[in-house]
Amino acid sequence: MKRCQHCETDVTSRRQLLQSSAVGFGYLALSSLLGQDASASDPTNTNPLAPKPTHFAPRAKRIVFLFMKGGPSHVDTFDPKPMLDRDHGKPPPFELPKVLFAAQGNLLKSPWKFKQYGESGLPVSALFPHVAQHVDDLCMLRSVHGTNPAHGGALLKLHTGSDQFVRPSMGAWVTYGLGTENQNLPAFVTICPTLAHGGVNNWGSAFLPAHCQGTPIGNASLAAAAAKVKHIRNTRIDPDLQRQQLDLLQQFNQQDMERSGRDQALEGRLNSFELAYRMQASMPEVQDLSGETAATKKLYGIDDPVTENFGRQCLMARRFLEAGVRFVQVTHSDSEVQWDQHGELYQGHTKNAAEVDRPIAGFLTDLKERGLLKDTLVLWGGEFGRTPTSQGTDGRDHNPHGFTMWMAGGGVKGGFAYGATDEYGYYARENKMHINDLHATILHILGLDHERLTFRYAGRDFRLTVA
Amino acid sequence: MNSDLVMDSADALAETILKSTDDLSQRVHAVTRILFGRDATESEINNVARFINNGDTDKQSQRWSLVCQSLMISNEFFWIR
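One line per chain: the protein sequences are A and B, in this order.
So the first sequence is numbered by this note's numbering: it starts at 44 and just counts up by one.
So the second sequence is numbered by this note's numbering: it starts at 28 and just counts up by one.
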């Protein structure tokens with residue numbers, strides 16, 4: 044259809060043609076593809092981000108995910124293996140998985156000593172002395188498994204539930220199910236995310252409504268101090284004039300919608316502009332750490348160059364959580380390998396733990412002191428663990444078959460370890476927790492039944508814990 | 028909404044429109060023909076008129092730029108029909 048720049052009359056649009064033609068089945072298919080869900084077709088619901096009722100009483104109202112990119116080794120941090128120490132240097136007396144990322148050598152003992160902490164006596168290695176002070180609040184999940192042997196697949200599986208198809212991220216599902224408390228901020232924020240290994244899909248909304256996607260603040264290759272939402276301020280006009288402009292835009296969009304029919308994607312766009320406008324006022328304030336006390340900054344390690352970057356991210360996360368953001372992700376990643384110690388396990392993990400141990404402990408203390416921890420779910424972990432067998436002389440390979448994540452906060456049993464790996468820490472063995480189970484647990488704590496939180500798309504009901 | 032690319036493009040389009048005619052209705056028709064391939068409706072002309080006349084007379088070219096920007100980020104321009 045050629046655009047007519049000088050005609051007096053309208054050019055027929057393709058949508059009009061399909062609608063008016065005798066063979067209108069194309070239009071029918073289009074409507075079903077757009078997937079009308081209950082809230083979108085509800086004429087009284089004008090704001091898709093408004094808080095929604097849960098399926099049952101929630102134990103937590105918000106969630107923060109501290110994502111350690113690269114795969115921290117569980118046998119060197121939270122899952123001690125005395126037999127691994129004993130049999131150091133020997134070939135593994137068990138069968139290795141059929142699919143391996145790389146060739147593996149003999150058993151490699153942990154270079155770090157484990158100690159018991161708190162009243163619960165949960166063991167933590169020398170890598171995390173500050174986090175160890177919080178063991179009585181932590182629930183160790185020692186039998187997590189089922190991501191993928193490679194980073195890309197593993198990140199996607201961890202974040203979206205699938206390593207094969209484009210699916211909405213955890214944060215998008217949570218937003219879809221719960222809405223948000225603060226209408227001036229996005230429901231889902233991801234701080235300094237990695238752009239690699241799935242990139243935007245790890246915080247995307249896929250087929251869920253667009254407002255469910257995460258808003259990235261900075262990225263992993265930028266210093267946290269420089270992490271801001273892009274184009275947050277309009278340098279050319281004042282907010283009042285901008286409001287008038289936005290009203291004009293919405294008038295055009297409303298009339299366009301009346302002409303072409305109500306449509307989820309079109310409405311999504313209307314709403315995202317309104318949110319963007321409101322964010323201009325609220326976002327800079329939340330991101331601004333200058334009002335925090337010196338004592339708070341010290342708590343998060345912002346006074347020390349080693350912990351400053353991650354400390355800033357955690358402090359920003361606390362501010363977003365306080366302000367009502369539903370799902371906050373903090374990523375520990377840089378433009379190199381981060382926790383992925385295929386070699387130099389000792390040097391690499393020492394450096395990584397030193398960057399996050401004090402900030403995470405400070406973050407937990409701060410959440411507790413502000414009364415936030417009791418209804419915030421905190422999740423810590425990476426996309427997989429590492430092998431008890433060596434890679435080269437001094438490294439460990441990827442291990443998605445058995446690894447540790449921990450939870451704290453609302454709905455979580457502190458000072459407790461759930462599940463176990465085998466004697467060497469290779470495979471999850473007792474009370475195995477597949478990544479789908481982890482997702483179901485997260486949704487459950489937030490008051491959502493993972494089998495009832497569905498979205499109709501392409502003719503069937505999808506959910507986060509998809510088969 | 029706030030990126031330099033969008034705002035500069037809107038400025039350029041506005042300049043073209045303002046040069047082509049002094050009549051407000053014709054200006055609105057020109058924008059919708061360029062961006063959407065159709066004439067403006069009466070209600071759209073009224074909306075734009077209200078927006079333009081809401082400001083000082085010496086700030087009008089800025090307001091026309093904002094009109095162009097708004098239509099360039101509108102759904103009708105954004106999605107191919």
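Read the hints as simulated data drawn from the structure, not as lab findings.
Glycine is no exception: its CB is placed at the ideal position from the N, C-alpha and C atoms.
Honestly, I wouldn't trust all of these hints.
Said to hold, decoys possible - Partner residues are not named here, just some residues of chain B that face chain A (Cβ under 8 angstroms, in silico):
(1) 30
(2) 34
(3) 36
(4) 70
(5) 71
(6) 72
(7) 78
(8) 80
(9) 93
(10) 98
(11) 102
(12) 103
Said to hold, decoys possible - Quick list of simulated restraints, FRET-style, between CB atoms:
(13) A:163 with B:105: 31 to 39 angstroms
(14) B:31 with A:504: 41 to 49 angstroms
(15) A:301 with B:31: 31 to 39 angstroms
(16) A:417 with B:39: 54 to 62 angstroms
(17) B:105 with A:193: 35 to 43 angstroms
(18) B:46 with A:274: 25 to 33 angstroms
(19) A:390 with B:31: 21 to 29 angstroms
Cross-check of the supplied hints:
no.: 1; hint: 30; in the structure: holds, 5 angstroms
no.: 2; hint: 34; in the structure: holds, 6 angstroms
no.: 3; hint: 36; in the structure: violated, 13 angstroms
no.: 4; hint: 70; in the structure: holds, 7 angstroms
no.: 5; hint: 71; in the structure: holds, 7 angstroms
no.: 6; hint: 72; in the structure: violated, 12 angstroms
no.: 7; hint: 78; in the structure: holds, 5 angstroms
no.: 8; hint: 80; in the structure: violated, 11 angstroms
no.: 9; hint: 93; in the structure: holds, 5 angstroms
no.: 10; hint: 98; in the structure: holds, 6 angstroms
no.: 11; hint: 102; in the structure: holds, 5 angstroms
no.: 12; hint: 103; in the structure: holds, 5 angstroms
no.: 13; hint: A:163 with B:105: 31 to 39 angstroms; in the structure: violated, 55 angstroms
no.: 14; hint: B:31 with A:504: 41 to 49 angstroms; in the structure: holds, 43 angstroms
no.: 15; hint: A:301 with B:31: 31 to 39 angstroms; in the structure: holds, 33 angstroms
no.: 16; hint: A:417 with B:39: 54 to 62 angstroms; in the structure: holds, 55 angstroms
no.: 17; hint: B:105 with A:193: 35 to 43 angstroms; in the structure: holds, 36 angstroms
no.: 18; hint: B:46 with A:274: 25 to 33 angstroms; in the structure: holds, 29 angstroms
no.: 19; hint: A:390 with B:31: 21 to 29 angstroms; in the structure: violated, 43 angstroms
Against the hints set out earlier in the document, violations occur for numbers 3, 6, 8, 13, 19.
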